[in-house]
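Asker: So the sequence lines, in the order shown, correspond to chains A and B.
Sequential numbering from 1 applies to the first sequence in this note's numbering.
Sequential numbering from 1001 applies to the second sequence in this note's numbering.
Please note that a few of the clues may not be correct.
List of simulated lysine to any residue pairs, SDA-like, C-alpha gap at most 20 Å [claimed, not checked]:
hint: 1; chain 1: B; residue 1: K1240; chain 2: A; residue 2: D187
hint: 2; chain 1: B; residue 1: K1040; chain 2: A; residue 2: S143
hint: 3; chain 1: B; residue 1: K1041; chain 2: A; residue 2: R112
hint: 4; chain 1: A; residue 1: K123; chain 2: B; residue 2: Q1024
hint: 5; chain 1: B; residue 1: K1041; chain 2: B; residue 2: P1003
hint: 6; chain 1: A; residue 1: K123; chain 2: A; residue 2: G63
hint: 7; chain 1: B; residue 1: K1240; chain 2: A; residue 2: V153
hint: 8; chain 1: B; residue 1: K1240; chain 2: A; residue 2: K123
hint: 9; chain 1: B; residue 1: K1041; chain 2: A; residue 2: E184
hint: 10; chain 1: A; residue 1: K155; chain 2: A; residue 2: A131
hint: 11; chain 1: B; residue 1: K1240; chain 2: A; residue 2: V114
hint: 12; chain 1: B; residue 1: K1041; chain 2: B; residue 2: R1159
hint: 13; chain 1: B; residue 1: K1040; chain 2: B; residue 2: G1100
hint: 14; chain 1: A; residue 1: K123; chain 2: B; residue 2: R1025
hint: 15; chain 1: B; residue 1: K1240; chain 2: A; residue 2: W142
hint: 16; chain 1: A; residue 1: K155; chain 2: B; residue 2: T1022
hint: 17; chain 1: A; residue 1: K123; chain 2: A; residue 2: V153
hint: 18; chain 1: B; residue 1: K1041; chain 2: A; residue 2: G132
hint: 19; chain 1: B; residue 1: K1040; chain 2: B; residue 2: F1211
hint: 20; chain 1: A; residue 1: K155; chain 2: A; residue 2: R120
hint: 21; chain 1: A; residue 1: K123; chain 2: A; residue 2: W142
hint: 22; chain 1: B; residue 1: K1041; chain 2: B; residue 2: R1081
hint: 23; chain 1: B; residue 1: K1240; chain 2: A; residue 2: A183
hint: 24; chain 1: B; residue 1: K1040; chain 2: A; residue 2: A131
hint: 25; chain 1: B; residue 1: K1040; chain 2: A; residue 2: T134
hint: 26; chain 1: A; residue 1: K123; chain 2: B; residue 2: M1185
hint: 27; chain 1: B; residue 1: K1041; chain 2: B; residue 2: S1061
hint: 28; chain 1: A; residue 1: K123; chain 2: B; residue 2: G1058
hint: 29; chain 1: B; residue 1: K1041; chain 2: A; residue 2: S139
hint: 30; chain 1: B; residue 1: K1040; chain 2: A; residue 2: S138
hint: 31; chain 1: B; residue 1: K1040; chain 2: A; residue 2: G132
hint: 32; chain 1: A; residue 1: K155; chain 2: A; residue 2: P43
hint: 33; chain 1: A; residue 1: K155; chain 2: A; residue 2: V114
hint: 34; chain 1: B; residue 1: K1240; chain 2: A; residue 2: S143
hint: 35; chain 1: B; residue 1: K1040; chain 2: A; residue 2: S139
hint: 36; chain 1: A; residue 1: K123; chain 2: B; residue 2: W1009
hint: 37; chain 1: B; residue 1: K1041; chain 2: A; residue 2: D187
hint: 38; chain 1: A; residue 1: K123; chain 2: A; residue 2: R112
hint: 39; chain 1: B; residue 1: K1040; chain 2: B; residue 2: G1086
Treat the hints as calculated values from the structure; they're not laboratory data.
Predicted, not measured: the structure shown is a model, and the values here were computed from it.
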Amino acid sequence: MTPLLAAFFYGFFSLDHFAVGPFLLSRPLVMGTLAGLLFGHVPEGLALGVLGESLWVVVPPSGAAQWDVGLVTILASVWAFTSPVHPASTVIPGYALAVYFLMAIPFAVMGRRVDQWMRRHLKILADQARAGITQGVSSLMWSNLLFSLALWVLKSMVVFFVAEAIGGALCQLLLPEIQGPVAEGLDRAWRLWPALGAATLWHLFTSRIGAHRKLGFSRNFV
Amino acid sequence: MVPRRSLAWACVRSVFLNGLWTIQRGQNLGFLFSLWPVIKKLHARREDRARAARAYLGFFSTHPYTAGVALGVTAGLEEDRVREGGSADSVSTVRTAMAGPLAAIGESFFWGTWFPFSLALTMLIGAFHPRWTLVLVFLGVYNAAHLLARVGGFYLGYRWRAGIVVRLAALRLQRVTLVLAATGMALVAARLVVLAGAEKNMVLGFLWAFFFWGVLRLGVRPSLIAAGTAAASVVYSLTKAGLF
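Could you put together the complete structure from these sequences and hints?
Answerer: Written out as structure tokens, the structure is:
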């Protein structure tokens, strides 16, 4: 029941990335925290969210060419929090979170293909609405907009379910095999990634200041 | 005059600007959907509404937050046109001319500076209080500026019409951007200090961040660095255990 709820929340909040706002509701930090709240693993959800958010801070929250980075976090969170490998009441180890996080990235990247396919086909609805407008009628614009929003929600839920099923099965196969030095190495990577997130943010800020320096500081302050 | 209620409704509808987006015409339908309450009030006859709407069916693309300015200016100019007469195409031309600069302002300020700044602030607070309420802080800080730009931009655009261009230039957003970027860097450094202090290994945390920053400067994507770090860590552990 809870994965279904997670799929619904993801589908609804992903509208923020595709058609509404954006109010940042589909970003990794929100998705990770939401999944953490749903499954009772808030610290892990928050950690996955902060990591995803800081790594992909350069990916704008909306735009036709942007991939949905929130999908990585929600997938990784749902796999981690529903896996039979970890009992519900225990803290999920860092190496497992690292595996889930890395596994979710290709699914989110592939999901972008579906987004592009959707955008191409939603042109039909836009054309209909435009035809109505040229006659001075706005009802088609309303109905087609609402219909397109419903289709986006449906698309996101389908993508989530497919990725959750395939990736979840792969994770269940893979995770019991990860032990000893491999688990230790992945655990180390999990502990190093916050430094990478901080470096990404730092890099972004220094780039902004660098751009100003190229324009000339004096021009901005005089 | 367009009633305030219609103007407010137009501003609210601007959140659907990206709805029915197409590669051929961008946000034209989203824009028209937002402007529709104004058009409906200004043109009582259906034929007139259709004629007015046709002028806005061309390609339009801008930043969703600063689009409020273009929307307000268009609503104001459309009102002037109905009162004083004139061509709808001239209003549409003003709208199109504003789209590019407004997109540049939005991209640079919101995506490039305010968003990472809000995140850096949230992450620093999160280092002390890692609770779920952190997400409310993040959304609250970010959306305060977003909603201010959306509503304020619409209001001022409607009030000042095309004169808003000169007033926007006087805002010197570049200076604000620079101050925010410098503050953001300080917030990131403070978070590293807090995190590194908690693990009793401050120097190492900074060294790793510095190393990653160097790799990022080479143009490598953060996702690839994350995967590379994981691979390198596993190889290191295997080597240490004598299995590699």
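Asker: Against which earlier hints does the structure fall short, listed by number upward?
Answerer: Failing hints, ascending: 3, 7, 8, 9, 10, 11, 13, 15, 19, 26, 27, 32, 34, 36, 37.
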